[in-house]
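There are 4 protein chains.
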Amino acid sequence: MALAKTEASGGVSLLPEVLAFSSSLWLDKQLLTEDLVGSLAHVTMLARTGVIPAADAKAIRKGLLDIAAQSKAGTLELPDEEDVHMAVETWLSKNIGASSGLLHSARSRNDQVATDLHLHVREHCARALEGIVALLGDLLTRAHQSKEVLIPSYTHRQRAMPVSLAYWWAAWGAALVRDGELFVHALQQADVLPLGVGAIAGTSLGIDRETTRKLLGFSRLTLNGLDTVGDRDFALDYTYAAARLMVHLGRLSTDVIDFTSQEFGFATLGGEVACGSSMMPQKRNPDVFELLRGKSGRAIGNLTGLFATVKGLPGGYNRDLQEDRAALLETGPLLHSSLSICRVGLAHLTFHPEKTRAGVEDGFTQATDVAEALVKKGLAFREAYKKVGALVRRCQEDGLALSKVPLAVAQKVDPAFDEQVLAAAQPAAAVKAKESEGGTGPRSVERQLAWISDKAQALSKTARDVPRLDALLASLEKEQP
Amino acid sequence: MALAKTEASGGVSLLPEVLAFSSSLWLDKQLLTEDLVGSLAHVTMLARTGVIPAADAKAIRKGLLDIAAQSKAGTLELPDEEDVHMAVETWLSKNIGASSGLLHSARSRNDQVATDLHLHVREHCARALEGIVALLGDLLTRAHQSKEVLIPSYTHRQRAMPVSLAYWWAAWGAALVRDGELFVHALQQADVLPLGVGAIAGTSLGIDRETTRKLLGFSRLTLNGLDTVGDRDFALDYTYAAARLMVHLGRLSTDVIDFTSQEFGFATLGGEVACGSSMMPQKRNPDVFELLRGKSGRAIGNLTGLFATVKGLPGGYNRDLQEDRAALLETGPLLHSSLSICRVGLAHLTFHPEKTRAGVEDGFTQATDVAEALVKKGLAFREAYKKVGALVRRCQEDGLALSKVPLAVAQKVDPAFDEQVLAAAQPAAAVKAKESEGGTGPRSVERQLAWISDKAQALSKTARDVPRLDALLASLEKEQP
Amino acid sequence: MALAKTEASGGVSLLPEVLAFSSSLWLDKQLLTEDLVGSLAHVTMLARTGVIPAADAKAIRKGLLDIAAQSKAGTLELPDEEDVHMAVETWLSKNIGASSGLLHSARSRNDQVATDLHLHVREHCARALEGIVALLGDLLTRAHQSKEVLIPSYTHRQRAMPVSLAYWWAAWGAALVRDGELFVHALQQADVLPLGVGAIAGTSLGIDRETTRKLLGFSRLTLNGLDTVGDRDFALDYTYAAARLMVHLGRLSTDVIDFTSQEFGFATLGGEVACGSSMMPQKRNPDVFELLRGKSGRAIGNLTGLFATVKGLPGGYNRDLQEDRAALLETGPLLHSSLSICRVGLAHLTFHPEKTRAGVEDGFTQATDVAEALVKKGLAFREAYKKVGALVRRCQEDGLALSKVPLAVAQKVDPAFDEQVLAAAQPAAAVKAKESEGGTGPRSVERQLAWISDKAQALSKTARDVPRLDALLASLEKEQP
Amino acid sequence: MALAKTEASGGVSLLPEVLAFSSSLWLDKQLLTEDLVGSLAHVTMLARTGVIPAADAKAIRKGLLDIAAQSKAGTLELPDEEDVHMAVETWLSKNIGASSGLLHSARSRNDQVATDLHLHVREHCARALEGIVALLGDLLTRAHQSKEVLIPSYTHRQRAMPVSLAYWWAAWGAALVRDGELFVHALQQADVLPLGVGAIAGTSLGIDRETTRKLLGFSRLTLNGLDTVGDRDFALDYTYAAARLMVHLGRLSTDVIDFTSQEFGFATLGGEVACGSSMMPQKRNPDVFELLRGKSGRAIGNLTGLFATVKGLPGGYNRDLQEDRAALLETGPLLHSSLSICRVGLAHLTFHPEKTRAGVEDGFTQATDVAEALVKKGLAFREAYKKVGALVRRCQEDGLALSKVPLAVAQKVDPAFDEQVLAAAQPAAAVKAKESEGGTGPRSVERQLAWISDKAQALSKTARDVPRLDALLASLEKEQP
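Residue numbers (the numbering used here), protein chains in the order written: chain A, 7 to 487; chain B, 7 to 487; chain C, 7 to 487; chain D, 7 to 487.
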């Protein structure tokens, strides 16, 4: 990256249309706090190592803190520059004078931008973790409330086995825990300080990157400047995590959209979250969940676009990388609004236990359970399955659900069927019996919920341990250069 | 799509966070003119067919035109609604009173949105065609100026055969003509009127879609309402065309970036378009072209995201489709700024003929030409190739370029080499000789440029024939309802 | 592209692992017929223009035709070379001797590969058109059989208005016609002959590309060799068309999967196409349609991958382009098997009119129709909508479907409701009344089907007019060099 | 997933074209070992828990081991079934008779497939780690050999600062270490056992998933069956890691392609890896590296396609998921061949130190170093930069490289320049001075190489600790059921 319009560039100014095209200010002004925090740490380090005089550092620090204060107060007017980094520099130059030039000592736009982006991604990974933890909390509460509710599970969108509704909630919880782990990975990849590698190769001045690292709460330093300035792996990891999470929210949404259709009738969305219609007051359009699902497509596109932008670039810094901004800065708001609205939407989703129960009482989804009951009585599998197959065919001929077949009818099919065996055809019994690890049996589900709860606490701790931008600003304000 | 917060939805208002999440106003206020134009045509048709009273239509028309005027004057204040369509409705309801309710007669948000998007895509396809035509004009001019300039062509980024610089310009012209044709296809797909299919199934009222179609200058009507409201093919075609064009601009950019490197040294970017450095005044960073290349990745992501959003949706309208807005509305500005800045960048790109010529005089890129010269003298190919292979190896041993080998040396390798044959090793002669169709010979290139010029004129005419939003607004203002 | 292991490359042979990595033979042997057809045309042209002796041409032609015959007979053994083009060359060299070397006169691997790929894409576009036309034929037949069947249409996966089942079939027909048009576009982009531009810049030999073009039945020549050898736009257009078509098949599949669920119960899949279960004989898993939907994702990935591969490449030929093979050669089989299986699956899909009718009789989906009936009696819209809103709320309180509300009850809500107005609440009447263009009314649907039929015939003609590989091989066999 | 053609499915057989379309045998026969290993563990557990008789388990185990032995010997003939899992079942049924039916006890195709895929991904993550470690080893060796070689670093593909070639190698090493960490993450996500959750909800039989887990060497069990059978997160993580790694190899390839061009001339590829040309013996086309770059596009497409396939699916198992096979099974060979060929290619890449040195001696890339030298003498930055700017401009006027400017000339520009300061303009001095962490100074680079070496060892250990398929097969053979 380079200076835009100084007299030093041979006295020729960039054309205004070139400046307009190159500008990312409209996007990256979202990075203002990141930029101020990074600069505060840098100037503090420069003063401590003696690279710049303490007085200049003090002036610069005051300027940066003034910008932060004005921004918070809503009174900041940033000059219209190529990007937020230049805008801050120009503001300083106008407001604190000559000292401002020293801020850029032993720093280049390349490592500065990389630092701002690492701060940004780290912050938003932590916020995403908080959002995931909050959503997990809701899922757990709902699961605990619905252990007794029966509902069909689905394969091929055909009714498969009866399960408890708690098991359905736990399934989405399991997926979200994986997303949490993915964001922890993304967080760790972002938790590295680029600042100090300069334009590409380091510096001969006596800087101390360790000091800067501690001031900004990063865990490690980037290893090699040539790699650092051209690397956007952390951005890919972050947008990948976002896409995977959004795909989960979108799949959950498909379930909700189906369950709240007239045909399924398993659940209803409250009017506070479901768009109605003036003429059809009963209508409850699940717009919130359709939008979540639609946004999962967008998240996939953001990842793909970022990948395509990076693909094939030479090593080192290339200005192409500026195009990471669009995907990166769209991702934070996308994540936070989606996680938050998903909680709101689910809070207004009411299941109808009698409807979901009817879905498991009608058909033959418990055939496997009856066969397993025979097996437990000592029959060989093969035999058991044949007998149940015959019973199901008989039920079908008679228009009977498996859970409703009278003992006499069953015994005419095969005397092996007794009351105990037929009891396994009751959906509630079928659910209760599946106590294998990962099964829908109540003790198994209880263990699943406990595990999710433990994981949620661990994710929450990880999120809390991340130094956040506001806290960094406050602590950097107190540092003595 | 559905009403957001009327008392009719059972007296329950949507939660503010749901409204915020669902809102697309921040994006689709860019569709204001499209929406006004579509509504003007609709209300005019409604009055002409007697579906609504003329007096109400008049009031509505006045309201819509007032919004357009205020928007032009910069004084419009749109209410903060879910989307631009609702915002216009609310404005009308406040400003013209009861008549406003009739605007939505025999119309649904579904066909209204589809119409706005078709108008938008048609408009921007036409603008893209104009941009392509302008860029083609520049390429043609440059090509005509550089017929005598020699430059290496490349395969595997290794020097291949000498060509004229005009041939290089013509190559990119050929690609851009294909892009023009692709935008003509996208334009045709967008040139269909959705309005009048209602929410999904048409209407029993006596509307006349043909009238609306003519007022809006569309070529055809959409065929089937169920298909219409769920269809985003036109949006995919448009973002696909954008991605393919951007990839061409990005590949052209790679050539420019390489050619202006110190290593190639074939060309220089003027300081008005190339970012410099205060300490290295000779530096000319090709940021403009790097950004163009980077944006080609973004364009691929926009297409992919739109595809992923549409994938797997049920038939009919699903709110997921609102997520088309992000990709669609980003595409127009992306296209126009990119085509425009590419012209600016190329205008400041100066080739250095002596440098490009040196690139073809150094090596052995004319070996094929010498062999073909032998063939034209009657030698069999196989023999010719063997002899030239031997000559090249001899040159290599002697550290001689093929174009510099003395006759005596060549004849020692093989007496078949005479002056005429060796003349083919002169880059200028090699270029001149390739007069096959599509070749780099001067008459061939002349034909290529003439063909591109014809195509550009045809594309220009297509663009001019598209009814543009401003013109539609003006003509609709004059219509009598 | 370059020779792999001749002594001419300095006596050094490529490492076997490099050859293995570079080889595309396992993929591109699918291009054998394309390669033979292209070479036959090329050698015929070379002889006619006198570039090579007739006797050599005759020998080469015989060799190429022998390969074709052996391939057809299943007796061909291709040497294990880098790609199919080299394998053919090596076969010829072993079997016809010295003449074989002349086949490569005035031709490079670059224009040869491009020609094979253009032939391939043209062929498969024609086959895709045939598949689309056949599927359209089935849709039309089904539509004509189901004009009287009522079914709900859906927005937000909530029941919207009643429509005829014919209208649903027509909707998918409309989408497929657009796909047909897109494949016509892709076909036109592929219908251009690359052969004759050599490695990159043309040739000085007296070839005649027009002769080759006519022999291969292409409509035009590519314009510029530098552009030609680096261009994969035709491949992008083809994989884009494939992705868009597959997304339509996938969305249709979602409808089928939902309609055949127990919850919807609108239709049943025959056991010949629906995977069952040994224990649950009633189970009919819609695997075929799930796979179609799944493959739409794959098609999106193929397009994205091809785009990413091309992105950012320099002009001219780069070996990266060989990676087009994976996406390109996967696309033909994907298209043909998908179009074909979709027909099979739909042929075994049986709708249950009583179930679909129940879906429109239960609720309030005809509220708009009742309001429009009032409007046709002279009421203002606003009034009409308010009255119907009140009626719907009353029905809801009484647990009545709108189509079942007694006249007396309605008149108590508002005296404006009379028998004629209430008749509009009958789903059949509601459907019949929507005769606006694009609506679900029977005459409107009839027009839609006629339009689709016309379009299908036009697409069919386009497909028939494409010179197919088998026919080209036969006609080239008869040519005199 | 369901049985394909038993009499139990109502006596109706699936149509052959449906079977052909649904079949994944051509792809998933690559999963044979995974399937055998999974089944061996399952049947061993079934016998130990008493779910099936020991004698049957013994017969099944023998059958499975026979298949493995025949496969190893190349004599296996698998029946032509829908997929590899059915093919194994059918083989067993033919060869061991009735016992074979018991293998599927308490197991469904859903958890079986998921298990095979987890085994596959875990295996290939381990192999990818080995490949990365081997490549890192090569990079380290090369880096240690090239500490004294100077080369320009690049920003905007313009020469930036001089660096050591070791620093360039270390940069790619840093990227590969990140890839290693990403594969460790993917490995952990795959290191979870799905087997035992049955079709979707667990089982009532007394299985013990812990036993199976230990036999297969997985670290954990999947949590919830409903989640397990519909989850492909581990497949996404794996294809994402592959795409990111491939993008790195592709970017490295761009550097190699550029460096080996005639224009850069920094390095040469040996003829054993670079395709030559019969007529141009000096030609060395970097096909290997172009293909690596091209394949990075394909890898992006595989990820995108998998994402699009999963997007929007309902919870539970959907047959769409079978389409994961194409992307998943392409990825292993892609990774291993790419990592391996990259090593081969780099082993034949010879740098030319005199050429790379010339690249840093020519221009002004050391301007920053001179300024920093002034600063270290006590000048303020601002002053230092101004003075160096003036010096550079003077050099430019005189056509002098900064490293060649005579002391007298420099002092005329400004007396602050002395011998010590000017010495900083020597590229070697400039490189030596940048000893900040991450800089190109020799001690800094030494630390970087040591860190990479440590990381490589840790990655290697992780790979070694993964239970591999061959070892599992051997250990399972020894288990007593």
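Hint data in this document are derived by calculation from the structure and do not stem from the laboratory.
Check the hints yourself; a few may be wrong.
Treat identical chains as interchangeable: a pair holds within one or across any two.
[Stated by the list, open to error] Cut-off 30 angstroms, straight-line C-alpha distance, at most; resulting in silico cross-link-like pairs (DSS-like, lysine-lysine):
(1) K418 - K220
(2) K220 - K461
(3) K68 - K35
(4) K361 - K64
Checklist entry - What are the numbers of the hints that this structure violates, sorted from low to high? => result Structure breaks hints 1, 4.
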